[in-house]
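Model the full structure from these sequences, guided by the hints.
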Amino acid sequence: MQHNTTKPNFRYDINGLRAIAIIGVLLYHYKLYEFEGGFSGVDVFFVISGYLMSRVVIGQIGRGTFAFGEYFERRLHRIVPALLALVLGVAAVCFFIYLPSDYTPVLDNGAASILFYSNIHYYINTPSYFAASTDSNMFLHTWSLSVEWQFYMIY
Numbered sequence: 000m001q002h003n004t005t006k007p008n009f010r011y012d013i014n015g016l017r018a019i020a021i022i023g024v025l026l027y028h029y030k031l032y033e034f035e036g037g038f039s040g041v042d043v044f045f046v047i048s049g050y051l052m053s054r055v056v057i058g059q060i061g062r063g064t065f066a067f068g069e070y071f072e073r074r075l076h077r078i079v080p081a082l083l084a085l086v087l088g089v090a091a092v093c094f095f096i097y098l099p100s101d102y103t104p105v106l107d108n109g110a111a112s113i114l115f116y117s118n119i120h121y122y123i124n125t126p127s128y129f130a131a132s133t134d135s136n137m138f139l140h141t142w143s144l145s146v147e148w149q150f151y152m153i154y
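Position 19 of the sequence shown, counting from 1, maps to 18 under numbering that gives the first Met the number 0, and the rest follow consecutively.
Just so you know, the hints here were simulated from the structure itself, not pulled from any lab data.
Be careful, since some hints might not be right.
[Claimed, not checked] Each pair of labels, with its calculated beta carbon distance range:
#1 Lys6 with Phe150: 22 to 28 Å
#2 Gly63 with Phe9: 21 to 27 Å
#3 Ile153 with Phe95: 37 to 43 Å
#4 Tyr128 with Gly15: 23 to 29 Å
#5 Val43 with Ala110: 27 to 33 Å
#6 Ser39 with Phe150: 15 to 21 Å
This structure is a prediction, so every number in the text was calculated from the model and none was measured.
Glycine included, each C-beta is placed from N, C-alpha and C at the ideal position.
Laid out in structure tokens, this is it:
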């Protein structure tokens with residue numbers, strides 16, 4: 000295993016798994032027959048996230064430095080800015096190109112994404128994640144962030 004001098008605990012093996020998972024998910028979204036199971040990359044991400052999160056938390060607890068508020072705040076600062084930029088950017092563009100009746104779902108889905116309940120919102124309001132009718136939902140992928148955030152809350 001290679002070692003990084005600036006980040007001595009960096010795991011290249013885990014980063015490699017993440018890259019493979021990303022490629023699988025991307026190829027799945029291009030609807031390539033050979034990668035019809037590529038969505039499984041999301042499961043890999045969940046396992047990796049749980050492992051890394053547990054590693055940090057257990058290490059801090061062992062050193063007596065763990066504070067839930069600080070951990071929670073770091074997660075907020077890491078996830079929310081990019082998510083907020085995505086939602087506001089998509090909402091702004093759609094405001095100019097969508098009819099009002101088509102724009103309302105964009106706002107609903109964007110709000111569900113920012114508030115980290117999009118997985119529940121889509122479960123209630125869509126026939127299936129894999130349904131053709133969800134292809135136009137530009138925030139559908141945020142369901143996994145919602146699951147991850149909900150995990151942070153109960154962990």
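Hints violated by the structure (numbers, ascending): Nothing - there is no hint that the structure violates, so all of them hold.
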